[in-house]
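Residues per chain are reported as follows:
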Amino acid sequence: MKLKDYVIIGVIVLVISAFYIWVTYFGPESGSIAYVYQDNDIVIEVNFEDDSYVLYPQPVDTNYPQQTTPVEGEGGDVAFIILGAYVHDGEQTKVYIEIDWDKKAIRIQKDETPRQIGVRRNWYDGTGLPAISLPSKVFIVFKAADDDGIDGVV
Amino acid sequence: MKDLRKITTLSMLVAVAIVLNVIEISINVIPVPGAKIGFANIVTVIVLYMYGFRSASLVTILRVFLVGLLSRSFTIPFWMGLGGAVLSILTMGILKQWLKIHLVTVSVLGAITHTLGQVIVGMYLLETELLILYLPLMLLISVPAGIFIGLIAQRFFKTFNPNRYQQTL
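The listed protein sequences correspond, in order, to chains D and P.
Heads up: the first sequence begins at 1 in my numbering, then just goes up one per residue.
Heads up: the second sequence begins at 1 in my numbering, then just goes up one per residue.
No lab work stands behind these hints, which were simulated from the structure alone.
Small disclaimer: the values here were computed from a predicted structure and weren't measured.
Among the clues, some could well be false.
Negatives, chain P to chain D, calculated, CB over 10 angstroms [stated by the list, open to error]: (1) Arg5; (2) Leu10; (3) Val19; (4) Phe53; (5) Arg54; (6) Ile120; (7) Leu126; (8) Leu137; (9) Arg155.
Simulated pairs of lysine to any residue, SDA-like, Cα-Cα distance not exceeding 25 angstroms [stated by the list, open to error]: (10) Lys2/D to Lys100/P; (11) Lys2/D to Met50/P; (12) Lys2/D to Leu90/P; (13) Lys2/D to Thr159/P; (14) Lys2/D to Val143/P; (15) Lys4/D to Gly52/P.
All C-beta atoms, glycine included, are put in the ideal place defined by N, C-alpha and C.
Could you build all of it, start to finish, from the sequences and the hints given here?
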């Protein structure tokens, strides 16, 4: 490798590090309302200020979201099932969403995609890497109560 | 005869790339959904330096589609992988042709554009900028991954094809 190769790689590392610091410290501000999106439609709105939620019927099947029982011992207080975009054996797979009022956090507890590729299921309180299921086209965004922007994530 | 030898070699390299890709999917080494480091890019880099841009593009796109077929999964992660692979091979092809830089540097820039391609396609399909939050972490992982892939490819040439090894320096 020549000097210019080291310079190119060094500059790349510096730029990426600056980007990382910028996103980490000056990234999106977290809010108290979590929106669960499926296929770019809001299906669940969770308000952590007064521990309330609103369900919006899914266009693909208005019987969803459905309330279900949270997994015992993992902190979840309320759980819902929504229909994801992934089709397995001719049926749309389900995605399980859980809310923990104490932690003011929400997670994708599980989804029924076979290999869980592109799924991040950790508890999410609006900071750090967001919860997402790419095959199900489900993601969760936190916004402030007075923020009326829908796609203003960054 | 020469073509037959090339076709056979490329077929074997596609097979190696598929195996690397499948292993990578199953071990899921980075905490970013749907994203891969791109170990299969080792094969892309080797083919790029052995047979040129057209063969490398063919091997890469074949590999992505065959892995999609094998896993019967043509969902968002598949399209992200395809987007990353196409952007990566285009970048590496251009850099190799026009900028006389080292194979490892080409590999690093290929890994970075692979990541960028994945995120751009993911953002387009999900219709949200949310995935950009994953980008810095993915890019930080891309640099050592690109160096690693480049060093393996270089080692390959040093061991099996010393004439080509000179062209990678």
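Results of checking the hints against the structure:
1. Non-interface call for Arg5/P relative to chain D: holds, since the shortest CB-CB distance, roughly 31 angstroms, exceeds 10 angstroms.
2. Taking the minimum C-beta to C-beta distance to chain D, about 27 angstroms, the non-interface status of Leu10/P holds against the 10 angstroms cut.
3. The claim that Val19/P lies off the interface holds: its Cβ sits roughly 17 angstroms from the closest Cβ of chain D, which is beyond the 10 angstroms cut-off.
4. Annotated as non-interface, Phe53/P keeps its C-beta farther than 10 angstroms from every C-beta of chain D; the closest such distance is 20 angstroms.
5. With a minimum CB-CB distance of about 25 angstroms to chain D, Arg54/P clears the 10 angstroms threshold, and the non-interface call stands.
6. The Cβ of Ile120/P lies farther than 10 angstroms from every Cβ of chain D, with a closest approach of about 14 angstroms, so its non-interface assignment holds.
7. Listed as outside the interface, Leu126/P is inconsistent with that label: its C-beta sits roughly 6 angstroms from the nearest C-beta of chain D, within the 10 angstroms cut-off.
8. A beta-carbon of chain D comes within 10 angstroms of the beta-carbon of Leu137/P; the shortest separation is about 7 angstroms.
9. Listed as a non-interface residue, Arg155/P keeps its Cβ farther than 10 angstroms from every Cβ of chain D; the least gap is roughly 14 angstroms.
10. This hinted pair checks out: Lys2/D and Lys100/P have alpha carbons roughly 10 angstroms apart, not beyond 25 angstroms.
11. The suggested pairing of Lys2/D with Met50/P holds, with an alpha-carbon distance near 22 angstroms, which does not exceed 25 angstroms.
12. As the CA atoms of Lys2/D and Leu90/P are separated by approximately 23 angstroms, the hinted pair is consistent with the 25 angstroms bound.
13. For a cut-off of 25 angstroms, the pair hint linking Lys2/D to Thr159/P stands: about 21 angstroms separates their Cα positions.
14. For the hint pairing Lys2/D with Val143/P, the CA-to-CA distance comes to about 17 angstroms; that is within 25 angstroms, so the pair holds.
15. Restraint check for Lys4/D and Gly52/P: the C-alpha separation of about 23 angstroms stays at or below 25 angstroms, so the hint holds.
Hint check: violations occur at hints 7 and 8; the rest are consistent with the structure.
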